[in-house]
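Asks: Those protein sequence lines, which keep their order, are chains A and B. So that you can map any letter, position 177 of the first sequence is 177 in our numbering, and since no number is skipped, the others follow by simple counting. So that you can map any letter, position 244 of the second sequence is 1244 in our numbering, and since no number is skipped, the others follow by simple counting.
It should be emphasised that the hints constitute simulated quantities derived from the structure, not laboratory data. Virtual Cβ for every residue (Gly too), placed ideally from N, Cα, C. It is possible that part of the hints are untrue.
Here are the computed distance ranges between Cβ atoms for each label pair [said to hold, decoys possible]: (1) A:Glu122 / B:Ala1288: 24 to 30 Å; (2) B:Ala1288 / A:Asp10: 55 to 61 Å; (3) A:Arg69 / B:Gly1066: 35 to 41 Å; (4) B:Gly1206 / A:Asp66: 48 to 54 Å; (5) A:Asp66 / B:Arg1189: 45 to 51 Å; (6) A:Gly52 / B:Arg1047: 39 to 45 Å; (7) A:Glu5 / B:Asp1149: 41 to 47 Å; (8) A:Glu14 / B:Glu1024: 28 to 34 Å; (9) A:Gly98 / B:Thr1013: 46 to 52 Å; (10) B:Gln1038 / A:Arg78: 35 to 41 Å.
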Amino acid sequence: MIRFEVNGRDRSIEVAPHHTLLEVLRADLGLTGTKECCLVGECGACTLLVDGRSVDACLVLAAEMDGARITTVEGLARDGELSPLQRAFLDTSAAQCGFCIPGQLVSAQALLDRVPHPTRAEVEEGLAGNYCRCAGYEQIFEAVLAAAEAGPGGPARPMAPEVGDRSSTPDARVAPQ
Amino acid sequence: MQRFAYERPSSLTDAIGLLIAEGEAARPLSGGTDLIIQLRDRSVTPRVVVDVKGVPELAPGIRLEGDRVVIGANTVMTDIAADETIRTRFTALAEAAIVVGSVQIRNRASLAGNICNASPAADTAPALLVYGAVVVVAGPDGTRPIPIDEWFVRPGVTTIRDGELVTSIELPLAGKPVASTHVRRTRRRGHDLASVTLAVAVSKDGPVTLSYGSVGPRPWVVTDASGILADPASSTEARAVALDRLFSSASPSPTSMRAGPEYRLAMLRVLGMRALETAQRRLGEAAA
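Okay, chain B solo, but in the shape it has when bound (with noise of 0.2 Å):
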């Protein structure tokens, strides 16, 4: 592998820091299922390494603050899908954590690595989108929060400047109960990326809201307005016009090894419908 320098920072002001200071010549280390590879092909290529695991203010864990539940940035997929709140109260998310890679890439990749990584097949994305997640970065200047929808540009650019650091994933506690699920399509069960991925989250009286990503630069997420996918008695056909209008946004490359275009957007209609009932069932069960 190419040679580089490593620092393991034990505060965020000296994580910060070396950020400032390599400038693009750095580049922060969390769980590396992704970086280490980009390091071994030299798709990235800094001077420093800067191993992020050892700042406590990115330190793995989930908890409840008021009215949100914060998640470490620095938590693994496995402790995500397993986390009793995530579970039941982010369902979406918990099923997104669990089909990422394998139990060996759960147990290495952290949330806030998917998400930095940014790429438009990150199976968590789709899930904060519909929660309407915030990611606090800090920087030289302090802390603030992104809006998850303000996050992300395109593969691998988000709208962290040079300088910051993810510090946490944010997610708001509805003040009624919500239903969601995620669902994805991949070439064969196991261990693969997504060619589409798709959550759905449903609360009484809607919205619905929707998140699709692998189907252009980026994730998207989009609010059903007409009411016909609240609306339980809708029919099959309406609620197909309804989704297709919310899947506007989806632009699958046609360039793309993982599925044509042609399969995305059809697969894009099954996964939106199948969602929406599981959503819709679930919201059922937990209101009896």
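Just chain A, same shape as in the assembly (with noise of 0.2 Å):
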């Protein structure tokens, strides 16, 4: 039996000891917010934070987390408003596929906690350890650094662009190696 605290929720049960946290938050709390895909901590897509930073679920067991406090990507959101980065996600369109979007924002949000006003090569290193297989890096470079200027308030304009509407994406840029 682990008890931990789960997007500000306490959380207390059953777990075999060779589960990993990404299965436990999955299977067990419904949890699917947090994908699982590599095992093996290189892609990113089960980012989320233990204690305030960002950790892969797939490299952790349920057993380790005893006492820990978990937010995931579920828990970015408050009272049902995205939060500020999430905004700029979706302004930027940044998800293409959408799969690695969770990880991304959470190690986005881990990045902005951490430096508020990260310059680009700090993104870039902050987010290395996720990997986007449609290639989006420069959207979702751009959402970050357009949260991380707006600041905790989140930008003006809270919806979301019209479909069709590019206005707010940046001409491409080669993204480099």
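Hey, can you piece these two chains together into the complex? The hints should help.
Replies: Right, dumping it as structure tokens:
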């Protein structure tokens, strides 16, 4: 039996010793925002926060989490409102297929919590553990920088752009290798 | 994943007791960034996983103790890279810690885990080798220090004995200013394992100590006795010859998928030269 806090809520749950935090969140707690993908700590799709620090949930046993404070992507929105970072992702069309986005969001939030006004290089390094196989990095970096610029209050325009409205998307630039 | 039991001892005695009782069937768990992968792919099949994060003697933390800096076994890469003493006095270690894996990996991976896994490509190994670090291990007969150069044997194998646990890694503080740097070569920027990893430490009037990994079964440390590398006036050609002598232990695997042996040896020379220049520039800046 472990007791931990998940997105602000105290949870007590029986876990098998060989089950990872990722498995327990998805299968036992129904929190499927955290994605299962590479299972070797490379892709970052399962990124979540443990006591405020980003980790790959596929490399953590649930049993290790007794007493921990977990924030998953489901915990980023407050009172039904998307966080400023999530709104920035929508505004810049940062999600293509969307599979990596929960991990990207959590890593980006961890970065902004640590460095409120990161440089582009800091954003790239902060997200180096999150792969996007659509290669939508440019819009993802733009979103994080836009959220940082807007500050905790978020962007002035809370609505996502209309479908087909590319006005907020900068011309594509070649991402560095 | 395969089934196993999980234990989280709260004392060093209990932890060692478990390791002794279970023998080969027990595996210590610190950050888990290597072990969980091995458990999943069944390259290790323990009966019990012993989580050592509850053992006070292994607690994370970096502290000054007399003439050395003591790093608790469970200290993670993020905290090593951010520590002011490590950044200023053991710069190569801070530079190595900050390139391990990704942010997510660095938030979990411990220094003790990095050296216990004993990968030839372990990023922190060359830095620890140039500083003459000491691995402190505790076992049923008490604690013993192991000089880091006597630690690494081959991939996955160290001189730690059954029933022993690393409690801390100690870095001796040098009496005179030392400047150092860590450099590496990866296939791509960001999250990758090193094809070559190398650290250099220089001090006023020498010697120059250099360590390199990912080019053989274990990382090596060597000291330049010729004086050529310590001499800021020596020619590039003379330095290249002196460096090549120091790299004589390099024996890169011809079967590795990350880089061929010719490339690794060529990059070893390039990185050696660059690291030497950086360390000497830093030594000059510190003296200015």
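Asks: If a hint holds in the structure, say so; if it does not, say that too.
Replies: Now the hints, each set against the structure:
Between A:Glu122 and B:Ala1288 the beta carbon distance is about 29 Å. The supplied range of 24 to 30 Å therefore holds. The hinted window of 55 to 61 Å between B:Ala1288 and A:Asp10 holds, with their beta carbons roughly 56 Å apart. Between A:Arg69 and B:Gly1066 the beta carbon distance is about 37 Å. The supplied range of 35 to 41 Å therefore holds. For B:Gly1206 and A:Asp66, the Cβ-Cβ distance of about 52 Å falls inside the hinted range of 48 to 54 Å, so the restraint holds.
Evaluation of the 45 to 51 Å hint for A:Asp66 and B:Arg1189 yields a failure: the beta carbon distance comes to about 37 Å. Roughly 34 Å separates the CB atoms of A:Gly52 and B:Arg1047, a value that falls outside the hinted 39 to 45 Å. As the Cβ distance of A:Glu5 to B:Asp1149 is approximately 45 Å, the hint placing it in 41 to 47 Å holds. For the hinted restraint 28 to 34 Å between A:Glu14 and B:Glu1024, the CB-CB distance of approximately 29 Å keeps it satisfied.
Here the CB-CB span from A:Gly98 to B:Thr1013 is close to 50 Å, well matched to the stated 46 to 52 Å. A beta carbon spacing of about 39 Å between B:Gln1038 and A:Arg78 agrees with the range 35 to 41 Å that was offered as a hint.
In terms of the numbered hints stated before, the structure departs from hints 5 and 6, listed from lowest to highest.
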